[in-house]
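*Asks:* Sequence:
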Amino acid sequence: MSDQPPQPDITDPQDPGLPIDELPDYDPDTVEQDDTVIAAALKRSLAVFTLAAVVIGGILVASGYLETETEVVTDRTPLEVPQVPERPQAEIPTVMFTDITDEAGIDFVHENGAYGDKLLPETMGGGCAFLDFDGDGDQDLLLVNSRRWDWDTRPQPTRPAHPALYANDGTGHFTDVTRQRGLDVSLYGMGAAVGDFDNDGRPDLFLSAVGHNRLFRNTGERFEDVTKTAGVAGKATAWSSSCGFFDADADGDLDLFVCNYVGWSKDFDLAQNFTLDGKLRAYGQPQKFPGSAPYLYLNNGDGTFTDATTRAGIEVRNASTNVPLAKSLGVAFADLNNDGNVDLVVANDTVRNFLFLGNGDGTFQEEGRSAGVAFDTNGNARGAMGIDIGRFRNSDELGIAIGNFANETTALYVRRTLADQLPVFQDEAISNGIAPPTRPELTFGVFFFDSDLDGRLDIFAANGHLEADINLVQPSQHYKQPPQLLWNCGPQHDNEFVALDPSQCGEDFTRRMVGRGASFADIDGDGDLDLLITSVGGRPRLLRNDQKLGHHWLRVRLTGSGGVNSTAIGTWVDIHTTDGVRSQQVMPTRSYLSQAELPVTFGLGGINQVEKLVVRWPDGTTQEIADPKTDSLHEITHIDTTTDTKGR
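Quick note on numbering: the sequence shown equals residues 834 to 1481 in my numbering.
For the record, the hints were derived by calculation from the structure and aren't laboratory data. It is possible that part of the hints are untrue.
As the list claims (entries may be wrong) - Capping the alpha-carbon separation at 35 Å, the derived lysine-lysine pairs in DSBU-like fashion look like this:
hint	residue 1	residue 2
1	K1381	K1462
2	K1445	K1381
3	K1099	K1313
4	K1445	K1462
5	K1061	K1112
Quick caveat, the model's predicted, so the values are computed rather than measured.
From just these sequences and the hints, can you work out the full model?
*Replies:* Printed below as a string of structure tokens:
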């Protein structure tokens, strides 16, 4: 049976009684962010863009979407251009990255199925994952693929496109083992999630798609498709995006959260006549499509899942129409209010972001507006894509980074207070230096990682526009855009982050591409973190971290047991040094459509001794290791006692 969705009547797929053309003209949860009405928008915004050119060095930023969910509106919210902060006095490091894609044996090319009609899914895909699927201790690589559309009249290839699984030999050289491991399957894939859902000690794999999703159980020899028996295929009409495993109900096994983007069909997409300039066909704006609620699947512990979406409290609906509000592209997990329960932040495209506070029993309360993460500083929703959560100040000030559309800065919501268990965040992107370099770009994958091992988490962004022809109507915009590395200077500086230029991170790093998914892992065992960036309809880029700063590091790989999932997802690791306490969470789900490695890496800078390492397991127990060796990997297995001082 085909995995492509059937072409239903033009109605909301989750509420068939409501035709799309009867959706409301305005909703306070949404804001328009589209460049398909660019000609009119540019005329109205000429003065604003002139100001932008003066302030940020002649760069005309991209025109955004500005319409309701169902009708194009050409008025714009005035653009507030942040002042460019002075460069910090800190010594900016040289963190060179080298493109080793060919050398490493990666010959993958993403197939997006584009044939000329410009169907929206064609420009949105390209997930990836680092995972140790064979248990040999090094980080292997998965690249998610889409495929040709069923209705494509071009001659079909001999073998349909499929995902690619590469085994690492431990040195950063990879061998394609897709067919041997049973993953040469055809689907219009989008993203990936990695986690051991059956607790047998082997990481399993979930692939999101346009149409039915897939769950593959890792048998040790190959990946077995168990989607049907597990009950996680989703609807044939759905378009799923980012996804992740986490323990929603604190029972020790992994549950599954799946973002759904918009209610989409080929016929409706083509009927809208999306254009860039009235002539050139364009990819559609999300406001023209209805929302689509995410899925929450609770693990039954026997290889099956129960769809708990409705009763869990994550099905947010439009108050006026009862249509699902979400248009979700990214999700991140962390305990945001220190109550011991896992919470979720969902990045939505052109509607407000969600923050779901977990109750510890698989149910959630949505508090995005109250917590301050729903909108930008002007009260507008943005075109949100990728997302990550991290303690980038080595303090209790959790940060939520969200990549947004062109002409919208990357958001950095920082938790400043707790009010009756409600975390309160403030977007500090303008004040800490992120806004000017990130405003012009269209950011998809975004995550925290310590690029130079100095002990502070930096921010990576994968960028690329939706439209190959965007430069014809917006001279300042390009389809291919450079990735960005925002180096963390430390909170003592007025502009906390500074964008590194090619002389500081390498020409290979900053070379333009149509970036989408992105991830990181130590692929060669040298202690620093290497990067992978995917490209829609093109080749990925594998970047080896060749920094030579002499900084020390410490890596931790955990294994759960008993009441803790075997992959230890959700566990926090703390290291205590003379400079204080640093914390990181075992959480592969981050970025856009992607998964990072499970081991956590702490940069130590010039510190060559760690006083102690503390593991805080999801079941409330802790383990402590005194004086752990630096510049080495520590493997720790959960022991079901309140404290333990043994590590192995």
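*Asks:* Take the hints in turn and mark each one as holding or not.
*Replies:* Evaluation of the provided hints:
Of the pairs offered as hints, the one joining K1381 and K1462 holds, with about 21 Å between alpha carbons and a cut-off of 35 Å not exceeded. For the hint pairing K1445 with K1381, the CA-to-CA distance comes to about 26 Å; that is within 35 Å, so the pair holds. Annotation: proposed proximity of K1099 to K1313 holds, straight-line Cα distance about 26 Å (limit 35 Å). Annotation: proposed proximity of K1445 to K1462 holds, straight-line Cα distance about 10 Å (limit 35 Å).
For a cut-off of 35 Å, the pair hint linking K1061 to K1112 is broken: about 44 Å separates their Cα positions.
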